[in-house]
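Trainee: With the hints as your guide, set chains S and R onto chain Y.
Chains as they are written, first to last, in this note's numbering: chain Y, 1 to 218; chain S, 219 to 690; chain R, 691 to 1699.
No lab work stands behind these hints: they were computed from the structure.
Warning: the hint list may mix true and false statements.
[Unchecked claim] Pairwise CB distance ranges (calculated):
| id | chain 1 | residue 1 | chain 2 | residue 2 | range |
| --- | --- | --- | --- | --- | --- |
| 1 | S | 391 | R | 754 | 24 to 34 Å |
| 2 | Y | 207 | R | 765 | 29 to 39 Å |
| 3 | Y | 126 | S | 410 | 52 to 62 Å |
| 4 | R | 1657 | Y | 126 | 52 to 62 Å |
| 5 | Y | 11 | S | 379 | 33 to 43 Å |
| 6 | S | 463 | Y | 36 | 31 to 41 Å |
| 7 | S | 458 | Y | 126 | 52 to 62 Å |
Every value quoted in this text rests on a predicted model; they were computed, and no experiment measured them.
For every residue, glycine included, the Cβ atom is placed at its ideal position computed from N, Cα and C.
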Amino acid sequence: MQPFVFPRWSNKLVHLAGAVLGVAPLYLIGLVWYGASPKTLDVGYAPKQPVPYSHALHAGELGIDCRYCHTTVEQAAHAAIPATETCMNCHQRIHTRSPKLEPIRASAASGLPVEWTKVHDLPDYAYFNHSMHVDHGVGCVSCHGRIDTMEVVAQHEPLSMGWCLDCHREPEKFLRPVDEVTNMNYAPPAGQTQLAAGLELRREHGINPPTDCSTCHR
Amino acid sequence: MAAVVDLPELQGDGTAGDAPATPKDYRVWQTDSGGDNPFAKITDTVIRIVETPKPPRAWYIAIAISLSWVGLLVLSLSRLFWEGIGIWGNMNPVGWGWDIVNFVFWVGIGHAGTLISAILFLLRQNWRTAINRAAEAMTIFAVICALIFPATHIGRPWLPYWMLPIPNQMDMWPQFRSPLDWDVFAVSTYFTVSLTFWFMGLIPDLASIRDRADTNGRRIVYGILAMGWRGSARQWHRYERAYLILAALSTPLVLSVHSVVSFDFATSQLPGWHATIFPPYFVAGAIFSGFAMVVTLLIPARQFFGLKNIIEIRHLEQMNKIILATGTMVGYAYAMEFFIAWYGASHYEQFTFINRAFGPYAWAYWTMVSCNVIFPQLFWFRKVRTNLGAMMVICVLVNVGMWFERFVIIATSLARDFLPAAWGYFVPTIWDFSTFLGTFGVFFTLFLLFCRFLPMVATAEVKAIHPAAHGH
Amino acid sequence: MPSMNEDQRYWRSLTELATPSDEREAGPEFETPLDAPSQEERRHFLKLGAASIALASTTACRWHEDHLLPHTQQPEGVVPGVPRYFTTAMELGGAALGLRVKSYDGRPIKIDGNPNHPDSLGATGARHQAAVLGLYDPDRSSSFVHIAGGARSKVTETDFRVFSRPHFAALKAKQGRGLYVLSGSSSSPSVADMKARWHAYYPEARWYEYEPVSSPNERLGSQLAFGAPFKTVLRLDRARVILSLDADFLAARADSLVLARDWARGRQPESGQMNRLYVFESSLGETGAVADHRYSLRAEHIKALAAHLEGELSKRLGAPGVAQPAPAAKFLEEPALRKLVNAVIGDLASQPGTSLVLVGATQPPEVHALGHRINAVLRNLGTTVQYVAAEPSESSPAESIRSLSEDMLAGRVETLLILDSNPVYTAPGDIDFAAALAKVPTKVSLGLYLDETGRKCDWHVPQAHFLEAWGDGRASDGTISVQQPLIAPLYGGKSEIELLAMLSGDAVSGGLEIVQRSLAKVASEPRLWRKAVHDGVIPGTALPIQQPALRPIAAFEYSRGELSGVEPEQGQLELVLAADPKLYDGRFSNNGWLMELPDGATKLTWDNALLISPNTAQALGVKDGMLVTVSIEGQSLRVVAWLSPGQATGSLKLYLGYGRTAAGRVGGDEENPDAAVGVGVNAYRLRSKKVWDFARGAKVEPSSDRYRVASTQDKHGIDKIGKYGTAERLPMLVREATLTEYEEHPDFAKHVVHHPPLLSLWQDPVKPEGHRWGMSIDLNKCTGCSGCVIACQAENNIPVVGKERVAMGREMQWLRIDRYFKGDPEQPETVNQPVPCMHCEHAPCEQVCPVGATTHSHEGLNDMTYNRCIGTRYCSNNCPYKVRKFNYFNFHEDLKDEKNQVQQMVYNPDVTVRFRGVMEKCTYCVQRIQEGKFRASRENRPLRDQEITTACQDSCPTQAISFGDLSDSKSEVSQRKASSRDYSLLEELNVRPRTTYLAMVKNPNPELS
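Same shape as in the complex, but just chain Y (with noise of 0.2 Å):
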């Protein structure tokens, strides 16, 4: 029987083989590391709520202070989201009709809470503490974006322990004064750079955030 020999043909294959070969592992590493990363799947995020809150006319064109009605940022390790009452101080009188503050009204009413969608969701072994932030100088804006120009709160940073990580080793890039931190256009004084403002502000407050494990978990 005559003896088995690769065709001429599979000369072609060769190279083509050590061409996939080649390139395929780098393809799928880009692939997984793209598709993976919390830049890809977290960023962005921005479910439909209840009630079509937009910050974009509260915070941005009124105003608003955030502290208005994430009252508890400055104490406590969670931003409470505000309760129906404190909607209803203004609403009580403004948009008194409009449709889309049913829900709150209803809210109001029965007693029940809005269910609200949590936007920016980190793990629960994850122990992020609100007020550490906020009282040092961290600005709102660092990790939630220009909420005052969102018509929808979208997630804006990954939020992922190597971003967490970025800052706390290198804190003077992001710190400003701490009656600053709701400002969502702060600029460091003029003449100086934010690295430069920030490492003062640094030694000033003696920031060295900590980046042990027990930092956040426990």
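Mentor: Only chains S and R this time, still in chain Y's reference frame:
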């Protein structure tokens, strides 16, 4: 290479006669199965095994049994993944039980092959050629079995890849100070190199099968596997070079793998683990158990597949001599551990060894000593060395003994370490047994498939050292 | 919400939170209009409920959508996610302990002692710590139950009222004839008040008190000695020489916590003055374990010993009236005992006014009377022992349960009201209470569980847990504390006083109003009341100190046993039946934390065993773990025998409180298929007319069967080699000296282990500046009470794993208390050594973790990152202290069951709940460290010493544990580590543990050395 030479008569015992013969084209005498050509005979005996439509009944029985064990392994591991490793006997203080015992056991077995084909090759130990192919195969299968354990024994078996340095959004890297990480690299490297080495060695024989193929299936499958091998002098030249390079590459690996495995223990601070003697002691033990396993497998193999004329008694005898040597080394290590414990004057170290020999695990300790040190001494006698039955029994015992060596090291040291209040006693569960048996299933299945479908002996190498090849 | 009035604005369970709109999920209470929640109330519930949604376990996966439920109206002063603290009180066996409870968004999750309370001073015991688990026990009875002809049906409160109104009206019509009440004893003024009102309302009703494990002998003794009942208030801090006659006063008294504190104050060798503790006891107790001189003596022998002491001391110091003649007791001829007794006499006589003699509660009244006399002879009255008036003793529990069952059998009982008491289970073996109960036409039971008794009654009323209801109670010195609810009744339960009010046509029905009414005298105006609730105690309510005068007592009669020798006689053995140190009389037997807590002496979990001394066992042919039949006075029981060093020769001990048949899934429940089975045996079955606390005449028959017990130490027994090894290293592990030795070599502890200079391969992971956390444990103060173990379990969400797994060695407690014995097994010396994670600076665990899941923080903490751990267990293998615990399974699996989800309300939201396959260990309560640092940094000030405390430290009654910042040289822990007694365990390994020990210094009597 032995393409065209004068070919004297081939006697049964492989000594050369002096009758002249006519030169032939190598292709011709490869296909010519009968005839009186010694090389042809070698090829024929080896390849015929692959070609025979039906393997001996024993093969069927064997593979049936080992496949059922594989099933058992699948069952055990699925339960393990579902429930958690609590189904095993591991507990506090004995965090590592049979899982790691079996891992070290199999890695140890996986030493013979590469040692034979690499080190003995460099040392020009010709007798190795008869057995190196099978030994290498066994090595690879053993390492496969070994790898099952590190992967599955961890608490969250879906995360072992965290031990690999992959960039990730957590900015987290493996902790390179940990011997477990060294293991990952040592064992995987060893596996890759051995595999390449083995496959490359197979190529010429795969080609022979291809050329003798009488069914299309075999023709194509082996054809592809043979990678267009034609046996030209140029190819042979390259082959030899590559062989030498790979041999050189794997030689240090043979020594490094088990040294690194031994670091898991040597670098810890646990009495009974924290010992500088471990690397050489582990390597010796590994070769010891590896050779024992080779002999255990080859005796039936040569019996059933009629390789008596190629894998000769004298080859096995050589193996037994090495077993005797390494066994004695291991014995020396055992003694040394006690001496150092006494000499080191650490209460805890001393207690550990007294406890091993006379504590609740004495039974395991003495099983180990008798199997590994006492029985192999019988190999001093030529009669025993050359008696198939005797060597079979002793080699099986050596394998048992070497498993117990790992058990004694791991379990007894952990069970009674520093604080008496935290002492315990390890008791395996049924799932420990089933998992272990399961790995034997994998091992035997692979080996049986190897016997059936791949050339069990490196014919070219045997020919190369055949007297006929040096008959001027 | 049902029964949620204006003052109790809390929500009930996560199940409801998850589905607020669907009340039907929340249980049958909602079915009747009576219970339908008003909008108002529901709003309150949701307001608080909303805040804690953060707790509902979620993951960050994007395909999982997570919801936020904010308040509708922000309640004043509540910051979601910020815990608040409230005081309350826990009543147990006739005395109340003041507590301070941590409440997280309306969920009580952690109990600590109330620093203002005289019996606590901030400390707690294991039972108090574990109470919070009992609150969220899914096996609690969840509704009213009507049982007719064996058929059980859940009913509503209205249904019950429909029955009770006419029924009790009819009883009222005949002045309450045939109406009986059975209750436990209580110190609560409100209960007393309601009781009085009850008697006024039903003049002819009868009321029985039955506390199965509290003995009246103490009061009877004082009656015998003084002619009137008195309670003792002990001033241990003033005592230099303390003699305990079978009294485990560090554990078994209502004021044990403060006694332990005072005892420990006298154990500071640095002060040059140490008290000396002599203990004669029948079986190894906490007090015996820490004694300077301990002698195992049968309980029955104590009487003669006391008489002997009283006689001798009176001879020396002059007696008030006639002293006891020296008894001709055979056991007193033991040379060792004689030597000891003489030394004791010498020591006591030499310290008039600063010594103290205590008598065990279960000893007969005569012995108590003698105790008072001896203290009088030693001029201790008014100095180390003070007296307050006590209620004249009613009939003993033994008599009351007996006469009640007689009344019941005689058909005199028409209606029986059983208040929080379980006689079907706790009645002695020769009383078939169930049968007697069957003779009663109408039976109503109030209980936390539908227990053995509840199941035999016609009506069952779910009881409100003490954390759910208003109440009050008195401390051992009489101080009143208010019991304030932390959460609305999860199952709409009623408290004892509420039920009494309901059934006695009381105008006032709410618990709060009842308590306010009965405390009107002491906290009338609102301001005082608010202060009382806030502080948890009402100052000035302690009982006045009395100066009773002694009366002469006649010479004693002695039984044969009381004068017998020490050698054991089969058939004449002494059997001691005592309350379990963990489960008490059995009421805590469904509490997993307590059930799995290793016993202080035997380290047993999940079982009670017949404790027997090695010699006795040998004499009887009994082996460790052998099933034996013990019989006494016609009652017999098959139980596993456990050889226990320190058990008196010829004396057997068996703890009560096990072998429940209707406790729940932990304690055992014959009706529940997935309940634990064979959790000990019911020792009450051995009680009878003649046998109560202890008695002579027991017989033990060996058998060939064995029984597997789950002990956390000495697993698989200890062989010769093991014993040798232990003995060899013990002096290095637990460093010990006598006071005299210490005074000669104050730094003896530093010279026990000799090792080469300790050099390290690694560079120091810890920066010198900044905080450096460390812990110091004073072995001189640890009594091994195990309160810290439960405190740790509560703080850190540590799971319960079950008997089988404990037996395998998979218990999860982060803090274990190592117990070692020395010397003769019949008369051993005992040491306790608490072992948490040492937070080594050169931690062997960190070096071997392949994924860096355990790392070193720059403040010196050995961090364990659960979510990074892949579970190789290498760290545990390499840990010389073996303090790391591994999750071999998912130990929180039972939460998958809807019914059990209430359990997750006990979790501390500041600590991750660990999944299967990860390693865990003591973290120095890192969550508290973080919170403390945050607080200080928010308030922009440096941390204060003792601002951050660990859970174990908080609970410790003797303050044996101290935690703090080593960088602060003035911090308490730095001070302690500066002591010459400071040493680190296994220092020769050079792992540099941050947790170190203060070596033990005993104060033995020089005459005896």
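Trainee: Is 33 to 43 Å a correct range for the gap between the Cβ atoms of residue 11 of chain Y and residue 379 of chain S?
Mentor: The hinted range 33 to 43 Å holds for residue 11 of chain Y and residue 379 of chain S, with Cβ atoms some 38 Å apart.
Trainee: Taking 29 to 39 Å as the hint, is the beta-carbon distance of residue 207 of chain Y and residue 765 of chain R inside that range?
Mentor: Holds - the Cβ-Cβ distance for residue 207 of chain Y and residue 765 of chain R, about 34 Å, lies within 29 to 39 Å.
Trainee: Take a look at whether the Cβ-Cβ distance between residue 458 of chain S and residue 126 of chain Y falls inside 52 to 62 Å.
Mentor: holds (59 Å)
Trainee: Is the distance from the Cβ of residue 1657 of chain R to the Cβ of residue 126 of chain Y consistent with 52 to 62 Å?
Mentor: The hinted range 52 to 62 Å is violated for residue 1657 of chain R and residue 126 of chain Y, with Cβ atoms some 28 Å apart.
Trainee: The hint says 31 to 41 Å between residue 463 of chain S and residue 36 of chain Y; measuring C-beta to C-beta, is that right?
Mentor: 39 Å Cβ-Cβ, so the 31 to 41 Å window holds.
Trainee: Is it true that residue 126 of chain Y and residue 410 of chain S lie within 52 to 62 Å of each other by Cβ?
Mentor: 38 Å Cβ-Cβ, so the 52 to 62 Å window is violated.
Trainee: Is the gap between the beta carbons of residue 391 of chain S and residue 754 of chain R within 24 to 34 Å?
Mentor: Distance hint for residue 391 of chain S, residue 754 of chain R holds at roughly 28 Å.
Hint compliance for this structure: hints 3, 4 are not met, and every other hint is.
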